[in-house]
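Take a look at the letters that make up each chain.
Number of protein chains: 4
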Amino acid sequence: MDSEEIFNAIFNEKNFFMIAGPCAVESEEQIVSAARFLRSRGVMILRGGAYKPRTSPDTFQGLGEEGLRMLAKAREVTGMLVVTEVMDPEHIPIVSRYADILQIGSRNCQNFPLLRAAGSTGMPVLIKRGFGNTVSEFLHAASYVSKQKNDRIILVERGIRTFETSMRFTLDVAAVPVIREQVPYPILVDPSHPAGKSKYVRPLAMAGVGAGADGLMIEVHPSPGDALSDAEQQLDFQEFETLQNDVGRMLSAMGRNVLGIAESP
Amino acid sequence: MDSEEIFNAIFNEKNFFMIAGPCAVESEEQIVSAARFLRSRGVMILRGGAYKPRTSPDTFQGLGEEGLRMLAKAREVTGMLVVTEVMDPEHIPIVSRYADILQIGSRNCQNFPLLRAAGSTGMPVLIKRGFGNTVSEFLHAASYVSKQKNDRIILVERGIRTFETSMRFTLDVAAVPVIREQVPYPILVDPSHPAGKSKYVRPLAMAGVGAGADGLMIEVHPSPGDALSDAEQQLDFQEFETLQNDVGRMLSAMGRNVLGIAESP
Amino acid sequence: MDSEEIFNAIFNEKNFFMIAGPCAVESEEQIVSAARFLRSRGVMILRGGAYKPRTSPDTFQGLGEEGLRMLAKAREVTGMLVVTEVMDPEHIPIVSRYADILQIGSRNCQNFPLLRAAGSTGMPVLIKRGFGNTVSEFLHAASYVSKQKNDRIILVERGIRTFETSMRFTLDVAAVPVIREQVPYPILVDPSHPAGKSKYVRPLAMAGVGAGADGLMIEVHPSPGDALSDAEQQLDFQEFETLQNDVGRMLSAMGRNVLGIAESP
Amino acid sequence: MDSEEIFNAIFNEKNFFMIAGPCAVESEEQIVSAARFLRSRGVMILRGGAYKPRTSPDTFQGLGEEGLRMLAKAREVTGMLVVTEVMDPEHIPIVSRYADILQIGSRNCQNFPLLRAAGSTGMPVLIKRGFGNTVSEFLHAASYVSKQKNDRIILVERGIRTFETSMRFTLDVAAVPVIREQVPYPILVDPSHPAGKSKYVRPLAMAGVGAGADGLMIEVHPSPGDALSDAEQQLDFQEFETLQNDVGRMLSAMGRNVLGIAESP
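First to last, the protein sequences are chains A, B, C and D. Per this note's numbering, residue 1 is the first one in the first sequence, and the count goes up by one each step. Per this note's numbering, residue 1 is the first one in the second sequence, and the count goes up by one each step. Per this note's numbering, residue 1 is the first one in the third sequence, and the count goes up by one each step. Per this note's numbering, residue 1 is the first one in the fourth sequence, and the count goes up by one each step.
Think of the hints as simulated: they come from the structure by calculation, not from any bench. It is possible that part of the hints are untrue.
No copy is singled out in the list; a pair is fine if it fits within one copy or between any two copies.
Derived DSSO-like pairs (lysine-lysine); straight-line CA-CA distance at most 27 angstroms [what the hints assert, rightly or not]:
1. Lys14 to Lys197
2. Lys147 to Lys199
3. Lys149 to Lys14
4. Lys14 to Lys147
5. Lys14 to Lys199
6. Lys197 to Lys147
7. Lys73 to Lys199
8. Lys197 to Lys149
9. Lys149 to Lys199
10. Lys73 to Lys149
11. Lys73 to Lys197
Looking at chain A on its own, in the form it has when it is part of the complex (with noise of 0.2 angstroms):
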């Protein structure tokens, strides 16, 4: 499939589809060998950050250009179409050359610049919940991306804040169906950010599948053990193939055509 076929699946027939790949490209190695196994599960969306917003100025902040050219590499080898966060409008004409989709992040959802400069790329537009925002200013986000004649939009539930501290952020599943009312975008959740750790990536995954959502936005590492960041919430080849079984069941229990599995072996 190219990346128009792709985008028709999501944007226009509303398959069910994953994008999956590390939190952040650490090596040319690490980010191709991901992406040959995801795409050998039928995955067809590779993501991975080159520029990475952390909430300490000295912890690892991403290879930046380099790692963009690791995720262009791994598009080249798999096929896969390729999504990467956008932090700084500045950065946006470098990352549109290697990326076929622009991510805006969680800290970034009203940061409304950027969000205006990534919708007059054309290019679709990945956007994360805000931690802190409610789903009405999430709706209102996107409407900086459409407002620039811009419809390819894809949005992320990834958890709020909230007073439970037993997860690192409360998936808020009810933003699915409420999403649906109002906008015809893929809604995806992504359960790893609200888990924190890896084995509660499963059952938030269900538990977004049962919501209605449209996808899933999932961390998956060669070695999570070894990652740079968010080393304990990635999961392992295994464990996404588990989760990949589970989460096929249901959907086909759901009734719903998914991207990229009727490829996969």
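Starting from the known structure of chain A, arrange chains B, C and D on it as the hints suggest.
The following block gives chains B, C and D in isolation, referenced to the frame of chain A:
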């Protein structure tokens, strides 16, 4: 099935089960009609409030003992078990005469004398999570019951208070796997109270099932528009049937045994 | 001042007032020593828990009636009024014999039978805001008391649950002006419970005074390090004096009359 | 006082100070009139938005560079310093030409490229706490600025998202003492944004002063009813005077030195 068989199925064999019925008992006709319908659909446990904890003293407070007698009538007619809320330790003797399971409501999750008194009856106790309580506090609440040498405890996640206002409460599906790790009690999801509107009950119920809940607790009313409380969130019979069918397909994809379903036509 | 004079000062003349004392009554020596000190500082109302609502059943639950007798002793020795928590409607008769004001704790803010029973005694009732309750629910709780023809109600803001964890609860100072607009009852601030640590009690107390609170409710212990509950947040005598001096200067800048201060040396 | 004297008073001598002005710059007449009034009251720092971060792309977005020129005019006329928000790293060169202090708004509290770029100008940077951010994240945001060898940082608590809806945001006064312990930067309270309505600004301001804030940031408009944004929460001149008098009495009871007050008539 008699009550011991049902308790065995839910506490020991870990069958998935439904608790359903109106928010409040309003008349014999209403509760018996709901019970007949639900029993015909394989539901074995009937809910219905006789003592209602209402935010304002000026709204309908429930029928009290008269409501209990109507519940008993519905039990007699259908053979279903009855769960109903107890708000005051003083009411426990009378509620115990009519009910099979004592319910501690969300506002009483940390009403410790009530938990102790309910636990000491030896009857199964259903505890709803306080909407302002952490999972950890919820489990401590359960330990007030288990300390009375009573381990027949059912826990219900029913949504917490957060900044998001698009639904009435934010259903915290993450509570399901977190609780599962720590205690052996069945953990149910109540999608009706967080939804606030009937149209949202189904996606939240499915999310709860996806997260691995052991059951659902759902408000069903013969004629929701006429209900004296929670009118907007109660399902009618048709909506319940649709929900139950969807849930059933999902449970079977997940390989779960379901209480009572085998007996429905 | 006798009790009617004190009640007149706080309910009718709207004098600013302090309620202070240990979290729990632990011994006669402890409570009498705290009372003597506080009375010497012009404080007219003594707090101290005999029945303690504890999250876990395995921690100190209070001395019960023995604690009530110790409170009565402190009252006899100092002439202070006594406020103490009641958790169970069944305890109201006995608590009423020893206390001047009945306290409904945060966890029981929506324990409606308890509110009704406390209201019907005709005694003043102090209600703490539930940490998961909105101001609107808090005021509805008060209406369960006033509906018993009892308008001697004291409201206490003591912090709510939010995502912020640098203190134990988030003191919602905004509740003070919002409540003031809607009901004529004194609204106090309890800085001890949100602070969680004694060093934060003073700034939160001052914030409450700035917001216009009618009083403060503060945990003071002769020897906080030895306390059986809330050890970290109780003030020692010296800390209380400093706080009281600072608060006094602020109240005088704000032009408020203060109960009891005139009588201190 | 020239700008270095003012910066010395607030960063080194820790004088209490006010920042005031309209939400948005709307016309030269509006901003100059506000500045003249505020300067006559001893306020030395003028606020006013030229680039406005608005939830929806369909509402007033600010006058941009034209607004900056109006701010510069007000500065020229009154000698006040000017603080204004910068939303995009690209705008920093132009904003720097007109402003004395760069403001990072609440929605950009974790916009790390923007924080870095603002820090690297060497100008003082005012950072508002994100309404979804913890105090810890807020302090990490400041470290993105200080890492640029820029320690002239002003922090502003302006309310967080909680379940309480009686005001627009919940002012977290506890942030003041917690931040004071950890960093040497002035910590201000903005009572206007949490209040949402002008009648609540005064009690929240007083609460902030009580908590120990080093200053207040307040929205003041010559004619609030005509404002293009935040009309309901801006104070008129009379309301500001009342507030300032009350605050002044409280600061003097607390023994604090106040910037600029000595110069007012």
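Each hint, compared with the structure:
1. Lys14 to Lys197: Between copies, since 26 angstroms is at most 27 angstroms while 30 angstroms is not.
2. Lys147 to Lys199: neither (40 angstroms within a copy, 30 angstroms between copies)
3. Lys149 to Lys14: within (20 angstroms within a copy, 50 angstroms between copies)
4. Lys14 to Lys147: Classified as within; 22 angstroms inside a copy, 46 angstroms across copies.
5. Lys14 to Lys199: between (29 angstroms within a copy, 21 angstroms between copies)
6. Lys197 to Lys147: neither (37 angstroms within a copy, 31 angstroms between copies)
7. Lys73 to Lys199: Neither, since 31 angstroms and 46 angstroms both go past 27 angstroms.
8. Lys197 to Lys149: neither (39 angstroms within a copy, 34 angstroms between copies)
9. Lys149 to Lys199: neither (41 angstroms within a copy, 32 angstroms between copies)
10. Lys73 to Lys149: neither (31 angstroms within a copy, 38 angstroms between copies)
11. Lys73 to Lys197: neither (29 angstroms within a copy, 49 angstroms between copies)
Checked against the numbered hints above, the structure breaks hints 2, 6, 7, 8, 9, 10 and 11 and satisfies the rest.
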